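Q: The listed protein sequences derive, respectively, from chains A and B.
Under the working numbering, the first residue of the first sequence is numbered 296, with each subsequent residue one higher.
Under the working numbering, the first residue of the second sequence is numbered 1092, with each subsequent residue one higher.
The set of hints was computed from the structure by calculation and includes no laboratory data.
Hints are supplied without guarantee of correctness; some may be wrong.
Unchecked claim - Calculated from the model, a selection of chain B residues having no Cβ within reach of chain A, i.e. all distances over 12 angstroms:
id : residue
1  : Thr1104
2  : Ala1107
3  : Gln1165
4  : Ala1169
5  : Asp1170
6  : Arg1176
7  : Glu1180
8  : Leu1181
9  : Leu1186
Claimed, not checked - Just so you have them, the derived chain B footprint on chain A, three or more residues with Cβ under 8 angstroms:
id : stretch
10 : 304 to 318
11 : 338 to 352
Being a predicted model, the structure only gives us computed values, none of them experimental.
Even glycine gets a Cβ: it sits at the ideal position worked out from N, Cα and C.
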Amino acid sequence: MLVALYPPAWRARYADEFSALLADTGVRLATELDVVAAAVRVWLHPPVRLHDHAGRMRTTVGVTLCAWAALAAGTIVFAKLTTDGAVFAHGRGADWYDVFTFAAFGSVLAMAAAWLPLSVAMVRRSRYRARVVAPLGAPTVLVLGFLAAAAALAGLLRPHTRTGAGIGMAGFLLLAVLGVVTAAGCAACPALALMRSRPDGPALTVAVVAGLVATAAMVIATIAAVGYTMARARSAGVAVFALVMAAALTVAAVSGVRGLRAVTAAGSNNHAG
Amino acid sequence: MAAEADPAVLVLTSLAEGDKHGYAITRDIAEQVGVQLGPGTLYGVLARLEDDGLIEALPAEGRRRPYRITATGQRALADQVQQMRRVAELGLRRLGLAGGRA
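Isolated chain A, as found in the complex:
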């Protein structure tokens, strides 16, 4: 049980002898506290020999995708609430909105650059391709399903709203929930494929770097979105938007930097070898 607290690479190396030591010394509360603290230290600073660089990079790619899905959902909600989803805005703050649009689309391109080569690599190395292809294709199905649901909701609810336009608050909330579920599915399914296929090599390295670029573009998009809102003197809700985006950006950035360190370390090891 206590051994399970350690990272897989550590367990593979030390689990047997560590279990034998625990059996010899006996387990008391002080032992448990000591092991928990030590396990946290190993997670934070794994022994150099045991550092699984490819594993770290895969984790980064998965975490970045999950955080990016939240960021993408945030930008869509922002665009919908401020300009009804328009690509370009007019009037005050339009320059900010242009930056927001270009940065958001740049981020989408970077994520595509991260995942397209990686997806090909994953399918190629997988023995049971359906187990990888199905979760990789799931986001497309989920997005199409969401769009169909949105269209159906609009058709059903629009005639019943007071103005005859829009879908009303209840419809909007329902769509928001569906959107969150879709975004979560779009992140979780490729992450599942990543776990099943366990890719490594250049495609994984590209995915880490492109994920960092996508995150950086989202930082710019978030700043531009806040700038646009402030320029139009509409501050209601912008603080919540900025907080949610900042939280997701922090997760993506921290994981991205750790992945980049793994890329660098793996490169050094290869040169040394």
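Take the given structure of chain A and dock chain B to it, following the hints.
A: Chain B alone, transformed into the frame defined by chain A:
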């Protein structure tokens, strides 16, 4: 004061006597120095010392794996204890506890 000793120095000192597995190391340190190293602390130190090339793992004997101090580890331990001795001698001299040697 013994409880504040560097666990890495304690482990190297224990292994300077001969190859030992985890339980033998903790028992030796507890008996000789009075410090009880927890299993998590011990294996954190063993992993770090192995990373630094100061000890090496020997083939497992059943579920237990003995460790051996390397030549680099012996030199590092020697440097460390020499420094500790200089600090101890200085402290004793300045406290007037060094007896006739001051």
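Q: Taking the hints in turn, state whether each one holds.
A: Comparing the hints with the structure gives:
no., hint, verdict
1, Thr1104, "holds (19 angstroms)"
2, Ala1107, "holds (20 angstroms)"
3, Gln1165, "holds (21 angstroms)"
4, Ala1169, "holds (24 angstroms)"
5, Asp1170, "holds (22 angstroms)"
6, Arg1176, "holds (30 angstroms)"
7, Glu1180, "holds (33 angstroms)"
8, Leu1181, "holds (33 angstroms)"
9, Leu1186, "holds (33 angstroms)"
10, 304 to 318, "holds (count 9)"
11, 338 to 352, "holds (count 4)"
Checked against the numbered hints given earlier, this structure breaks none of them.
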